[in-house]
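**Student:** Keeping their order, the protein sequence lines are chains A and B.
Mapping the first sequence onto our numbering, position 34 (from 1) lands on 34, and the numbers just tick up by one.
In our numbering, each residue carries its 1-based index in the second sequence increased by 1000.
Warning: the hint list may mix true and false statements.
Subject to a maximum C-alpha distance of 30 Å in a straight line, what follows is the list of computed DSSO-like cross-link-like pairs (lysine-lysine) [to be verified]:
1) B:1283 with B:1244
2) A:180 with B:1244
3) A:125 with B:1249
4) A:125 with B:1244
5) B:1168 with A:125
6) B:1168 with B:1249
7) A:158 with A:123
8) A:125 with B:1070
9) B:1115 with B:1253
10) A:125 with B:1179
11) B:1253 with A:125
12) B:1168 with B:1115
13) A:180 with B:1294
14) B:1249 with A:35
15) B:1070 with B:1307
16) A:125 with B:1090
17) B:1294 with A:123
18) B:1185 with A:22
19) B:1283 with A:123
20) B:1115 with A:180
21) B:1185 with A:180
22) A:123 with B:1168
23) A:123 with B:1185
24) B:1090 with A:123
25) B:1070 with B:1253
26) B:1244 with B:1168
Since the hints were derived computationally from the structure, they do not count as laboratory data.
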Amino acid sequence: MARAPEPKSGAAMRTRAARLMKPGVFALCSLPLAKIAWDGLRGNLSANPIAEVLNRLGFWTLGWLLLSLAATPLKTLFGWTAPIRVRKMLGLFAFFYGSLHFATYLALDQAFDFSDIGADIVKRKFVTVGFAALMTLVPLAATSTDRAVKRLGFRRWKRLHRLVYFAAVLGVVHFAWRVKADYLEPALFGIALAALLLARLLPARAKRADHPGPGESKSPPQESLSRT
Amino acid sequence: MKQRSWALSETEVTPESLYVRRRDFLSLGAAGALGAAGSALSFSCQASADDKPTPTFTNLKRGNFVTDEKQTPFSDITTYNNYYEFGTAKSDPAENAGSLHTRPWTIALDGEINKPEVVDIDELIQRFPLEERIYRMRCVEAWSMVIPWVGFPLAELIKRAEPTSNAKYVAFITKLDPKEMPGQKRSVLDWPYVEGLRIDEAMHPLAILAVGLYGRTLPNQNGAPLRLVVPWKYGFKGIKAIVKIAFVKDQPKTTWNTMAPGEYGFYANVNPDVDHPRWSQAKERRIGEFFKRKTLPFNGYADQVAKLYTGMDLRKAF
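Extracted from the complex, chain B is given alone in its bound form:
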């Protein structure tokens, strides 16, 4: 209950990550021992509807950005999703997301940058060393998970794009294709889904673009082939199936914020002191646990990110 943020002292880091690794088939050690083929085989039964077997990421870097909290089971992470492009029930994305073709896939980088381009997803992934990041994920609906993501720092992508001084915000846009994303046939939200970050938030080392979880290719229902993960913000900021990243001068009109400005702020930082108008944000239910636990400011990442917001009234800029 009293588990603090992932702020571990230096001496703790190594043994704890080793401890987690011990149970993690796909960590460096286990992958080395079993060999890539072995681990690929052991998970081939979990492969998605793709004709090719799900590739397994190897040689993942694992930095300090991990928590030692108990990880939410893969089956829960992949069957309990808010992803309205595939339906509004939590079980819908797992059932319907198979219709999305994640290859070929391109991502457009444009706006206030020196190096605009349209890049293929596989080329993009190869540019950056992939890391495992074990993050808490706090949904605005007051439940949470602990998810071992595979991805790369958003900051690396931004640096390569060379933003100009006009790039104050980064906007992310999801694919718009009602044929492959049947939920877009109903105007539950204003499609396509748009999210955004202030450029300094986007440059923060905790912000990543994820391409996998539990060492495997990201399942479609979790946002394949590329999604945003900003662990100190509510989950809806983590936009999925990104096709465009635009560097802009003005604050982007983000989807949930536009739909209900009083309920979902642009910043959407996890904040136990600012309730959603219809429910309390003081506590959360960690998936798999009975008793609710206290929600931590910035989802427990205050030591890392609070300085981004000094001088701001977070009750107003919620």
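If we strip away everything but chain A, and leave its shape as in the complex, we get:
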């Protein structure tokens, strides 16, 4: 996403914290992967390491994706703009983990047996939905550069990137449909996602109430979420 404007407040502490944010989030997002590698080397990935790696990567894909969706509500509800700076990184990490998740499925779980993989994607709706979620993220990752924003134009770029809501919903459904009986984790992801999406409706409504009529807001703010 395009560079967010620097916070105009002079609070040096806040700018320093903001400067540390990117490396901090980078380190945070690398941790689960490092843990997988560490546990793998020590043989601590359970008796079924392939399933364990698949599950962990899938879990964190959803985790980063939902965290990336928290940046906008944090700004509109609390006026905290700093998270916007790491939103792109969180989104790219979600795509990275999602790609590793899929690669693990292809290479380790299925050993590139493409007839089985094709059958899975067509016949198993939880696989279909997970695959669709990852495919939805592809154009978003591909247009994550400043150049892509310029080339597309901000409005079109923004419209395209609303697909992230769709991907997140598919991702949560993918998790829920995979689970056998214990829906706690997918439910928590689902509640978090619903809250993050609903939070986008609130300020839009408040604004409409304050300034009725076709407002002249510069940054086209979170208008209705359309259908996600």
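Go by the hints and put chain B onto chain A.
**Tutor:** For chain B alone, kept in the frame of chain A given last:
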């Protein structure tokens, strides 16, 4: 990859079982050589949280019901468990099952039998000669293990109970005690866990009640003190921590079958041709192996058990 069922020809049986024995500390030969004390010592470090050292079974009978396939390591069998009474993660049972007290423990036998009783677990175990049975275990989640169980034929228990002609099914019930089984505090499943078999299935010589594995007392996370093992069915049929065995007229309402009838059948025979609605059952990952292997009908025990189901449409009665 091409390993067939455990159907070994007569001439193969002896050498192969000897071969397996060679690597098995607790088989008759090794136990004899080392002496009971020695083998008890060598495993005392593995003892569970019990104050008493884990008893080791000796003089185990070993019949033809063994496979020569590579046995899954004890550490894998005891740390990768589906046992929702102690939590829904595979690692939960190993971490949490220590809270279950397996002594004193009684098992109620009731229903359509001439000899209903409530029997103490140790008395029950002493009634039957224990055997080692090395079985494949195929989980409905498409992974599998090879487990050397210690137990006795369920048929022996049933014969002693003298079922009446009304006993068409056998129902098994797990202990209900949310204090000792913390997973029961959440209604993930409808507690207590219930499983069941048709009486002729229950009488089949392959069906056993297990009290140990790898020659040791069954660890809590594997279903101590008494669990069912029916190797031609998916693992969830193997109900753990049994407190009641009831002989009944009607098909019991079993836990997973009740929760999702379209996904988990009452019979739950391993069947590569009937997929779980959400994943294929054609292949399985043997724990410890990279490539998946083909799943065999009845988990490779078709020669022994297929006749129980002649005339049935196993796509419907899955």
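**Student:** If a hint holds in the structure, say so; if it doesn't, say that too.
**Tutor:** Consistency of the hints with the structure:
1. A C-alpha spacing of about 34 Å is found between residue 1283 of chain B and residue 1244 of chain B, which places the hinted pair above 30 Å, so the restraint is violated.
2. Distance hint between residue 180 of chain A and residue 1244 of chain B is fulfilled; the C-alpha atoms sit about 26 Å from each other, no more than 30 Å.
3. For the given pair, residue 125 of chain A sits about 39 Å from residue 1249 of chain B by alpha-carbon distance, which is inconsistent with the 30 Å threshold.
4. About 39 Å separates the Cα atoms of residue 125 of chain A and residue 1244 of chain B, which puts this hinted pair outside 30 Å; it is violated.
5. A hinted pair counts as satisfied when its Cα atoms are at most 30 Å apart, and residue 1168 of chain B with residue 125 of chain A does not qualify at roughly 38 Å.
6. Between residue 1168 of chain B and residue 1249 of chain B the alpha-carbon distance is near 5 Å, which keeps this suggested pair within the 30 Å criterion.
7. Distance check on the hinted pair: residue 158 of chain A and residue 123 of chain A sit about 33 Å apart at the alpha-carbon level, beyond 30 Å; violated.
8. A threshold of 30 Å between alpha carbons decides the hint, and for residue 125 of chain A with residue 1070 of chain B the separation of about 35 Å lies outside it, so the pair is violated.
9. For the hint pairing residue 1115 of chain B with residue 1253 of chain B, the CA-to-CA distance comes to about 24 Å; that is within 30 Å, so the pair holds.
10. Using a Cα cut-off of 30 Å, the hinted pair residue 125 of chain A and residue 1179 of chain B is violated, with the two alpha carbons roughly 38 Å apart.
11. In summary, the hint linking residue 1253 of chain B to residue 125 of chain A is supported, as the alpha carbons are separated by about 28 Å, within the 30 Å threshold.
12. At roughly 16 Å between alpha-carbon atoms, residue 1168 of chain B and residue 1115 of chain B fall within 30 Å of each other, so this suggested pair holds.
13. Between the alpha carbons of residue 180 of chain A and residue 1294 of chain B the distance comes to roughly 23 Å, so the proposed pair stays at or under 30 Å and holds.
14. Our distance criterion of 30 Å between C-alpha atoms is broken by residue 1249 of chain B and residue 35 of chain A, whose separation comes to about 53 Å.
15. Proximity of residue 1070 of chain B to residue 1307 of chain B is assessed by CA-CA distance (about 28 Å); at most 30 Å being required, the pair is judged to hold.
16. A threshold of 30 Å between alpha carbons decides the hint, and for residue 125 of chain A with residue 1090 of chain B the separation of about 24 Å falls inside it, so the pair holds.
17. In summary, the hint linking residue 1294 of chain B to residue 123 of chain A is supported, as the alpha carbons are separated by about 19 Å, within the 30 Å threshold.
18. Restraint check for residue 1185 of chain B and residue 22 of chain A: the C-alpha separation of about 42 Å exceeds 30 Å, so the hint is violated.
19. Distance hint between residue 1283 of chain B and residue 123 of chain A is fulfilled; the C-alpha atoms sit about 16 Å from each other, no more than 30 Å.
20. With a CA separation close to 39 Å, the supplied pair residue 1115 of chain B and residue 180 of chain A exceeds the 30 Å bound.
21. For the given pair, residue 1185 of chain B sits about 18 Å from residue 180 of chain A by alpha-carbon distance, which is consistent with the 30 Å threshold.
22. With a C-alpha separation of about 38 Å, the suggested pair residue 123 of chain A and residue 1168 of chain B falls outside the 30 Å cut-off, and the hint is violated.
23. For a cut-off of 30 Å, the pair hint linking residue 123 of chain A to residue 1185 of chain B is broken: about 35 Å separates their Cα positions.
24. A distance of roughly 27 Å separates the Cα atoms of residue 1090 of chain B and residue 123 of chain A; the hinted pair therefore holds under the 30 Å criterion.
25. Between residue 1070 of chain B and residue 1253 of chain B the CA atoms are separated by roughly 36 Å; this puts the pair beyond 30 Å, and the hint is violated.
26. Of the pairs offered as hints, the one joining residue 1244 of chain B and residue 1168 of chain B holds, with about 17 Å between alpha carbons and a cut-off of 30 Å not exceeded.
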